[in-house]
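Enquirer: Take a look at the letters that make up each chain.
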Amino acid sequence: MTRKVDPGNYFEDFAVGQELRHATPRTVTEGDVALYQGLFGSRFALQSAATMARGAGFERAPVDDLLVFHLVFGRTVPDVSLNAIANLGYAQGRFGATVYPGDTLQAASTVTGLRETSNGKTGIVYVRTTGTNQRGETVLAYDRWVLVPKRDAGAAPPEPLVPELADAVPAGELRASWTPGDGYDLVHAGSPHLWEDYAPGERIDHVDGITIEESEHMTACRLFQNTARVHFNQHVEKDRRFGRRIIYGGYLISLARALSFNGLQNAQTVSAINGGRHTNPTFAGDTIYAWSEVLERIPLPGNDRLGALRLRTVATKDRAAADYPYKGEDGTYDPSVVLDFDYTVLMPRRGTVGG
Amino acid sequence: MTRKVDPGNYFEDFAVGQELRHATPRTVTEGDVALYQGLFGSRFALQSAATMARGAGFERAPVDDLLVFHLVFGRTVPDVSLNAIANLGYAQGRFGATVYPGDTLQAASTVTGLRETSNGKTGIVYVRTTGTNQRGETVLAYDRWVLVPKRDAGAAPPEPLVPELADAVPAGELRASWTPGDGYDLVHAGSPHLWEDYAPGERIDHVDGITIEESEHMTACRLFQNTARVHFNQHVEKDRRFGRRIIYGGYLISLARALSFNGLQNAQTVSAINGGRHTNPTFAGDTIYAWSEVLERIPLPGNDRLGALRLRTVATKDRAAADYPYKGEDGTYDPSVVLDFDYTVLMPRRGTVGG
Amino acid sequence: MTRKVDPGNYFEDFAVGQELRHATPRTVTEGDVALYQGLFGSRFALQSAATMARGAGFERAPVDDLLVFHLVFGRTVPDVSLNAIANLGYAQGRFGATVYPGDTLQAASTVTGLRETSNGKTGIVYVRTTGTNQRGETVLAYDRWVLVPKRDAGAAPPEPLVPELADAVPAGELRASWTPGDGYDLVHAGSPHLWEDYAPGERIDHVDGITIEESEHMTACRLFQNTARVHFNQHVEKDRRFGRRIIYGGYLISLARALSFNGLQNAQTVSAINGGRHTNPTFAGDTIYAWSEVLERIPLPGNDRLGALRLRTVATKDRAAADYPYKGEDGTYDPSVVLDFDYTVLMPRRGTVGG
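Protein chains in written order, with my numbering: chain P, 1 to 355; chain L, 1 to 355; chain X, 1 to 355.
Think of the hints as simulated: they come from the structure by calculation, not from any bench. In this text, a Cβ means the ideal position worked out from N, Cα and C, and glycines have one as well. Treat the hints with care, as some may be off.
Short, incomplete list of chain L residues facing chain P, as computed with Cβ under 10 Å [stated by the list, open to error]:
id : residue
1  : Pro25
2  : Thr27
3  : Gly102
4  : Thr219
Chain P on its own, in the form it takes in the complex:
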């Protein structure tokens, strides 16, 4: 009898070039959108209101980009990170076709790199994941690397290969998924500040804080079908390093994005994920704050209606972000910092919108 219970993959199970088609495709519905709303509380107008969305050229309210990210990510967990010790980083994430309720997402990954760590017990696995819809269009592709234990510490290490990863998705590859026009109401969007109003180097304290609870966190992970064990099992975690269930890193990304509305109201869509680090573990009971820095203001080639902003959004726990906590002089992250997220958003340019 073959083994029917999936034990997840260990470092030795990966090979460069390996293709992983992930299980459990997922039809996104208005129900998922509502629950995501209840869990994170976003207020960006294009996802909130069909009227605003149609005024910007969408068929209807699009599914939040980060919900798409979590759903694609969730598919990959059983094959890539079920046994992972840590989710080390993201790069080259690019959103493609708009996702609407009713679309069915599936995902596949290619192993793009492997490197055993110096202690010989673990290794880093690099994958590039592509999420597609029911028409085979790419909705999101991104690189991720994770720290995975070896099954057998004595196993010979693979030839090390670390893929080259760009610092950021170039402007020419950003998809302009919408078109601000007269139907874009600035009062309804929540702010008159448009692309030209944000300057590189500018920092914004998003002010508010949200305390995390176990129940809502597990509900989010189950919604995403993210089955990583550390999120769910207090019976096991109580005797492990932290004594508690660990919050999914992506949960922090969505909380920080929802908080960032207050200051980035017109940053309606996420176009790219350039990089991201979960710099400290987070637990239920922690209160999350966020601040952002404008890294770059990027014109979109041939597009005079939308501009891109490359942002760093930093999330902290149990520390307000008024003084922009980040790294110490030695370059290490402040212990309050839980997320360092580098991404690109789209915003209307001045003179293109109503309101």
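With chain P held as given, fit chains L and X onto it using these hints.
Expert: Frame of chain P; chains L and X shown alone:
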């Protein structure tokens, strides 16, 4: 650079006659309806079943009136009550066009009154808020007044103006949004008791109690996009007066309404909010009970199928409602009372329905 | 004035042959499906993806069978088990017409047996419940028996009658609700193991554990409109036997089913509930594990595409299931066992599917 983060309004920022168009319109979906169901557990048949709803003249199951209230209210928070110390009262609330999944709600408010309080540090702001759908039809309009701090205690007080507010929405202004007929099944509705069976002065103990948890309360507020800070941030609240996050007053209204099914099974829709007070703060861990008193039995002019009942529903915490806790002899509320809600519901009249 | 608040039924209120039409029909929506997903985290592909479902002959993704069970069950609580001391067992549960979002479910029960218990204070009530859709088609019918207190311990006992209940739903009565074919992708289903690969006597440890929280449990009960008081009221329960709110037994069934994906990936639908016992109470904070045993491999008459597996799935609390905890030598359940569930699932047969 202008200020991009919304600090909310202070007392000096309001002027009588000022018009506030609120941000973030909101398309209501079946997902919102399901999550609202999971949060409050209502059992009124017209919102629960499309079959019952169509039998009463609706196109499909209508969105719960109180979900409409919360969604309209949620729009107003950033402009009206982000800095509010207390939500003091409601009046003249009248539900209009039925809301169905797919409708997009937006809201605007007019400042109708201002009065500085005697300590000179705060003031009361009166607003009339109108929620409209994507066709511009009013779905709900109501008055609300809130206690708001002054930014600068030394600022000169405005000319005091307190609007005249009716005690109750008159019968002629109640919208008969449905038509009980043969398709209205009394067994499915859950009770044979109709409009004529309720007498002014009658009191009903709704018996059951529901304990509130932080997670579901924050999920509700995020669903409504109600961003008032006191609901979300334990890191700040732990050092403030109550040491805990404060439950949104409207949450109590929905819990009390859901509890009131047991005794008011045919009170299918809320037609008016005549008044409401949040008389004591509520916290996670509190168990909520409710009782109701019939204040008035109101015929609807020219309508022999539906009648209105004006009700007072009182919610208590950690005290069963069997003895109808309310006010002491000195007129002050019993410390267990957290909500005193005066509203008008519609119920079928005898002889009009099947079952 | 008649009594308007439903006190629930006591043992004396039931009579053999009595028909109970239950209140509050319920239209199932995509919102309910999403919230159910967030609460339990199932990964079976036919319910997750419209593409997979259509490839197996469904119109679209069907509603999870156990969500149908909970919704039908929820209707019956006010009439059958509002005052119940314990939910003793299920039998002869058979799923009928597929339920899709948009269908409206209603339920009716017949009292099929009554037996006073030896202490004279309680009695066992047997009911057969039928859930139907808006076309009158049966979606689920099952027997259940509950322990109900007498209102008056001195009341004369009824003539005892215990209905005959089959051990299992026979193969000829199982409805083959889908048709695996080329559109059924085994990689997307999550496993190559099909009906022929499971042998009677085989045991599967589903490995993972999920910790229960109060908030998500109450949300589930409210979604199902299951109003049994012991689930909601900490103010009362703190002074009762367990000092805590009690988890709804059906909640464990859904958790165990979701856990069972890991090992039973192609067991896409539940066709019958042969029996079930809630063997120990469960509380928030408990971590649930599950293991399954294949009881029987049942060919479906005239169907060479689908086969049935009769399974026992056992859920435990705060104890991993690696050693299949069940009963001691004296036949009593291990204290860690909270659910003993006997049911029949459908799985594709070899040679019928793509992938």
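Enquirer: Would the hint on L:Gly102 be counted as holding, given a Cβ-Cβ threshold of 10 Å to chain P?
Expert: holds (8 Å)
Enquirer: Are L:Pro25 and chain P close enough, Cβ to Cβ, to be under 10 Å, as the hint says?
Expert: With a closest approach of 4 Å, the L:Pro25 hint holds.
Enquirer: Is the shortest C-beta separation between L:Thr27 and chain P less than 10 Å?
Expert: L:Thr27 check passes; min Cβ-Cβ to chain P is 4 Å, inside 10 Å.
Enquirer: Was the hint right that L:Thr219 lines chain P, CB cutoff 10 Å?
Expert: holds (4 Å)
In the structure shown, no violation is registered for any of the earlier numbered hints.
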